Amino acid sequence: MTPRSSTLQNRQNISGLSVIDLCTHGRGPYSLHIAPGECVSLRGDSGSGKSLLLRAIADLAPHTGQVLLDSTPSTQIAAPQWRKQVALLPAESHWWKDEVGAHFAGEECRWFDVLGFSAETMRWQISRLSSGEKQRLALARVLMNKPQVLLLDEPTASLDADNVIVVEKLIDEYRRDTGAAVLWVSHDAQQAARVGSRHLQLTTEGVREYSV
Amino acid sequence: MIMLNTVDLALAAGLVLAMAALSWRMQLGLSGQLLIAGTRTVVQLLLIGLVLKALFANVDLLWVAGISLVMLLAAGREVMARQQRRFTGWWGFGMGTGAMFVSSFAITVLALTSMVATDPWYDPQYAVPLLGMLLGNTMSGIALALDRLTSTAWQQRAIIEQRLMLGATRLEAIAEIRREAMRSGMMPIINAMAAAGLVSLPGMMTGQILAGSPPLEAVKYQILIMFLISAGTGFGVTAALWLASKRLFDERHRLRLDKLSGPRH
Chain V
1 MTPRSSTLQN
11 RQNISGLSVI
21 DLCTHGRGPY
31 SLHIAPGECV
41 SLRGDSGSGK
51 SLLLRAIADL
61 APHTGQVLLD
71 STPSTQIAAP
81 QWRKQVALLP
91 AESHWWKDEV
101 GAHFAGEECR
111 WFDVLGFSAE
121 TMRWQISRLS
131 SGEKQRLALA
141 RVLMNKPQVL
151 LLDEPTASLD
161 ADNVIVVEKL
171 IDEYRRDTGA
181 AVLWVSHDAQ
191 QAARVGSRHL
201 QLTTEGVREY
211 SV
Chain Z
1 MIMLNTVDLA
11 LAAGLVLAMA
21 ALSWRMQLGL
31 SGQLLIAGTR
41 TVVQLLLIGL
51 VLKALFANVD
61 LLWVAGISLV
71 MLLAAGREVM
81 ARQQRRFTGW
91 WGFGMGTGAM
101 FVSSFAITVL
111 ALTSMVATDP
121 WYDPQYAVPL
131 LGMLLGNTMS
141 GIALALDRLT
151 STAWQQRAII
161 EQRLMLGATR
171 LEAIAEIRRE
181 AMRSGMMPII
191 NAMAAAGLVS
201 LPGMMTGQIL
211 AGSPPLEAVK
221 YQILIMFLIS
231 AGTGFGVTAA
241 LWLASKRLFD
251 ERHRLRLDKL
261 SGPRH
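Note that the protein sequences, when read in sequence, are chains V and Z.
Position 18 (the first sequence) corresponds to 18 in my numbering; numbering is contiguous.
Position 222 (the second sequence) corresponds to 222 in my numbering; numbering is contiguous.
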């Protein structure tokens with residue numbers, strides 16, 4: 001089902017994430033739909049605008065067109081609330097306090113064990129984290145908001161093979177438990193085939209579905 | 001009070017000429033600048049002296065308002081000129097100028113009507129110097145604070161956006177940067193108040209003492225001015241930072257650095 005062809009009438013009953021004729025930074029229009037509990041992979045040449053698309057869906061960049069979550073347009077939800085529900089995990093994470101724990105608002109994080117961290121990790125200094133640790137901690141941090149949509153920009157790029165499996169499994173479990181919709185940008189064709197049930201390619205004309 | 005005559009001033013000018021000659025001999029490359037700046041001092045101060053003389057002779061609210069407007073616009077231009085990355089369009093000028101207008105004018109009018117209690121309240125002998133001191137200090141504070149805010153936001157754009165991604169509001173995302181900017185805008189006047197009398201004798205007090213005022217009267221005026229300046233700078237910087245930090249984002253809480261111009265070279 002493509003949202004573009006749906007009428008306004010039945011659009012009201014669509015759950016999950018719908019992107020309709022989205023244009024940003026002179027690119028697009030992009031249209032796509034991800035059902036609750038579905039994981040869709042996204043690929044495209046570097047510079048094709050994958051990160052720009054994710055930024056626009058999270059409403060961080062000015063855009064035209066519509067993005068809807070469970071049929072509610074993003075414009076009807078306060079922007080900070082929207083970004084908690086439609087969460088973007090960027091390729092590079094950023095940290096503004098000295099200690100890890102300060103970024104978790106002092107709360108415990110139930111995903112630390114699975115990711116190979118402990119309660120002690122909350123006291124670690126940000127400046128001493130490896131890029132792999134940062135990437136795993138950034139995933140734990142974004143899951144704390146309990147998002148309904150996960151926009152993942154190469155979430156395993158800095159990880160070793162073991163941790164790639166750990167992270168893939170964690171995201172899969174989160175998706176099953178919460179019914180979250182996942183859009184997963186990956187350069188790795190094998191990973192895309194492993195994690196995605198559908199596969200999208202970003203081109204200059206828009207988004208095209210392909211099969212593996 | 002001992003009046004200065006032309007010979008006195010000529011002697012002082014001779015000192016500047018001697019320094020210029022020395023600089024020329026030592027090839028410091030300063031003599032030209034020194035002479036031009038000296039000439040500008042003479043011309044500009046004589047002009048403002050004439051303006052004030054005319055103003056004092058005709059006490060008229062319209063004239064006072066006119067010269068206040070000129071002072072405000074000059075200060076607004078100065079704030080804009082000191083920004084590395086300024087807001088594009090009308091905002092670049094209007095933000096600092098608006099904040100200075102609200103704080104400096106309100107405080108000056110308050111001081112004239114309730115503390116100094118001149119008659120009429122716009123008596124230029126008090127109104128113009130008071131407004132000048134407030135504008136000058138508020139201007140420095142606002143220029144420092146705005147420059148700090150915009151340049152830090154530019155450097156830390158990735159961190160600000162990361163916080164927005166995690167659901168922070170625009171005010172939360174820029175809170176620390178705004179606090180730092182506020183601090184740098186207020187530092188000069190706080191330092192001046194702390195050092196007053198110990199390290200430096202403030203200019204206005206020195207002037208009044210030279211003019212023959214009893215020292216304690218001069219001190220009271222200086223204390224009043226210091227307090228007015230710190231309040232005026234505080235309110236002005238707060239207003240300017242509030243406007244600027246809102247303006248850095250749009251209504252969907254997106255960081256919009258495209259509203260800033262590129263760095264000046």
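What the hints contain is simulated information worked out from the structure, not anything from laboratory work.
In this text, all values refer to a predicted model and were calculated from it rather than measured experimentally.
The beta-carbon is built from N, C-alpha and C at its ideal position, and this holds for glycine as well.
Worth double-checking, as some hints may not be accurate.
Taking beta-carbon pairs under 10 Å as the criterion, some of the chain Z residues facing chain V (in silico) [stated by the list, open to error]:
hint, residue
1, D147
2, R170
3, E180
4, R183
5, L224
6, H253
Hints versus structure:
no.	hint	result
1	D147	violated, 21 Å
2	R170	holds, 8 Å
3	E180	violated, 13 Å
4	R183	violated, 17 Å
5	L224	violated, 42 Å
6	H253	holds, 4 Å
This entry does not satisfy hints 1, 3, 4 and 5, going by the numbered hints stated previously.
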